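These protein sequences, in sequence, are chains A and B.
According to numbering that gives the first Met the number 0, the residues represented by the first sequence are 0 to 284, in order.
According to numbering that gives the first Met the number 0, the residues represented by the second sequence are 0 to 284, in order.
Since the hints were derived computationally from the structure, they do not count as laboratory data.
Please read these numbers as outputs of a predicted model, since none were measured by experiment.
Any given hint might turn out to be false.
What follows is a set of in silico ranges between Cβ atoms, one per label pair, in the way DEER data are often shown [unchecked claim]:
#, chain 1, residue 1, chain 2, residue 2, range
1, A, H212, B, N129, 44 to 54 Å
2, A, V128, B, Q48, 51 to 61 Å
3, A, R174, B, Q227, 34 to 44 Å
4, A, V70, B, T138, 29 to 39 Å
5, B, P19, A, G188, 23 to 33 Å
6, B, P242, A, G32, 16 to 26 Å
7, A, G186, B, E6, 42 to 52 Å
8, B, H212, A, H212, 19 to 29 Å
9, A, S153, B, P19, 16 to 26 Å
10, A, R132, B, A75, 18 to 28 Å
11, A, G186, B, E139, 48 to 58 Å
12, A, G188, B, G44, 21 to 31 Å
13, A, E165, B, T8, 25 to 35 Å
For every residue, glycine included, the Cβ atom is placed at its ideal position computed from N, Cα and C.
Protein chains: 2
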Amino acid sequence: MAYARGEWTMPPKVYVPAYPAGDFRAMPALGAGHAMVKWVTSFPGNPLQGLPTVMGLVLVSDASNGALRAVLDAAAVTALRTGAAAVLAAEELGSAGAGRAAVVGAGVNGRAAARTFLARGRSVVLWDVNQERARHVATELGAEQAEFAEEALSADIVVTVTPGHEVLFPEGSLRPGQHVSLMGADGPGKSEIAPAELARVRAFCDDWEQASHGGELVRAVEQGLLGQEDVGLLGDVVAGLAPGRAGDSEITAFDSTGLAIQDLAIAFAALEAKDDLPGLPRFEL
Amino acid sequence: MAYARGEWTMPPKVYVPAYPAGDFRAMPALGAGHAMVKWVTSFPGNPLQGLPTVMGLVLVSDASNGALRAVLDAAAVTALRTGAAAVLAAEELGSAGAGRAAVVGAGVNGRAAARTFLARGRSVVLWDVNQERARHVATELGAEQAEFAEEALSADIVVTVTPGHEVLFPEGSLRPGQHVSLMGADGPGKSEIAPAELARVRAFCDDWEQASHGGELVRAVEQGLLGQEDVGLLGDVVAGLAPGRAGDSEITAFDSTGLAIQDLAIAFAALEAKDDLPGLPRFEL
Chain A
0 MAYARGEWTM PPKVYVPAYP AGDFRAMPAL GAGHAMVKWV TSFPGNPLQG
50 LPTVMGLVLV SDASNGALRA VLDAAAVTAL RTGAAAVLAA EELGSAGAGR
100 AAVVGAGVNG RAAARTFLAR GRSVVLWDVN QERARHVATE LGAEQAEFAE
150 EALSADIVVT VTPGHEVLFP EGSLRPGQHV SLMGADGPGK SEIAPAELAR
200 VRAFCDDWEQ ASHGGELVRA VEQGLLGQED VGLLGDVVAG LAPGRAGDSE
250 ITAFDSTGLA IQDLAIAFAA LEAKDDLPGL PRFEL
Chain B
0 MAYARGEWTM PPKVYVPAYP AGDFRAMPAL GAGHAMVKWV TSFPGNPLQG
50 LPTVMGLVLV SDASNGALRA VLDAAAVTAL RTGAAAVLAA EELGSAGAGR
100 AAVVGAGVNG RAAARTFLAR GRSVVLWDVN QERARHVATE LGAEQAEFAE
150 EALSADIVVT VTPGHEVLFP EGSLRPGQHV SLMGADGPGK SEIAPAELAR
200 VRAFCDDWEQ ASHGGELVRA VEQGLLGQED VGLLGDVVAG LAPGRAGDSE
250 ITAFDSTGLA IQDLAIAFAA LEAKDDLPGL PRFEL
């Protein structure tokens, strides 16, 4: 909301490529009297070596004098904000009578989305190509496990948090009233939805610049199926600056690329919970 | 040298403005199997409140898997690399028979430049508008103190590390054979040399993009006095890819804006000294 209203700012994130192994991102943001940078990795092959895909630190400084106020684990902040963005989008853009949520992909961020839905009082069904992993996370969190991918993909609310190597939603696959939060595709060649399907439904994203250059929207924009005027911004909807879902039968899709302002908000929430930064503004959902 | 040869890379630094108090910079670099970001401030009014102008952290990660390898103090790294750049430029671009070096400005980075000259066996004379500060640093390091600014500004080698509010070198002031390393002006409205004087002498910089947008070169370029083809790169000279000083009577000026690759090199040097990162390449001057 603060970003949508122009109160918080965020320069574009900077990629430091170290391909084929992975990349680093430096993500700065400024808001509520503090400046932040998240230094965070994406090394998709790491789990095979017993290392996390996402590593790094979040540095929070006082914007009045530059003094460093906090250092947080970037993986924890990223998981919390990704889960929060997926659920916020589902709550804002899903139909009013939506039932349980499905989470496809039970990795770190999928687990975070499931945990956030459950904390908000919504039941969750999990699916993962690795059924053992899905069972483990479902048991840990108190979620159900889907027997087939189709069971998850047809839920009223679907959150996809996959590596983006496989299209989960081909053209025509989403049914009236469904909402999907697409969290997985955040770079070149990654997608969880077919461009034609994204163009067929009502599309939203977290940030037009990022999403049209590194998210699900890239191919749909390249193919001329979608333009900036066709895609809503979640922050504008939350702040009441733009309309959200138009009715119970509309299909909505949210393309998440991950924003530094979300990391800053999560850092504040964590620090408030520890009373390390008293007097910061609180954001009520 | 590694950057000049294309082995190390460096995306543009990102500014996070928090004016009028100051700004933050996120400075990433990639080299020798590691990725780095420096999160560093410039809050010029801080010393009046008993706080340093420059604060922050340097994060060094393994580029093969993203694991964080080291966290260093950004102020220490910045001072060491600024001092090293000033002295390297003076040794490369100064005349062969140059005598003692003068350092104008005895703050954190001026002190670092003086200390580096002394460590390299060159005597130093210091000047600062705050004569008490100059006396303190001169005594601490074993340097001389200049009685008048002119004594410093006429030395064979001059390093200026001032806030950039005052032009130290008006047109025609540098004499044949002199070299000046201009370290202070790193942002809009700051300069230590008149544009016409910079255009009159042989000009070098650390990075054309940065220097022509945020260094001494800005006004000379804006006024059409200098173009990219007129300005040498220190890295190219050090690597033997471009000519340096043309003769004993040439006047040379080096515009330093500060590079993330320099921070990365200093981080390696510090970690090598602690044997924390064995097997890293060593860079011989």
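Taking the hints in turn, this is what the structure says about them:
no. : hint                        : verdict
1   : A:H212 / B:N129: 44 to 54 Å : holds (49 Å)
2   : A:V128 / B:Q48: 51 to 61 Å  : holds (56 Å)
3   : A:R174 / B:Q227: 34 to 44 Å : violated (58 Å)
4   : A:V70 / B:T138: 29 to 39 Å  : holds (37 Å)
5   : B:P19 / A:G188: 23 to 33 Å  : violated (44 Å)
6   : B:P242 / A:G32: 16 to 26 Å  : violated (50 Å)
7   : A:G186 / B:E6: 42 to 52 Å   : violated (25 Å)
8   : B:H212 / A:H212: 19 to 29 Å : holds (23 Å)
9   : A:S153 / B:P19: 16 to 26 Å  : violated (56 Å)
10  : A:R132 / B:A75: 18 to 28 Å  : violated (44 Å)
11  : A:G186 / B:E139: 48 to 58 Å : holds (51 Å)
12  : A:G188 / B:G44: 21 to 31 Å  : violated (47 Å)
13  : A:E165 / B:T8: 25 to 35 Å   : holds (32 Å)
Comparing the model with each numbered hint stated earlier shows that hints 3, 5, 6, 7, 9, 10, 12 do not hold.
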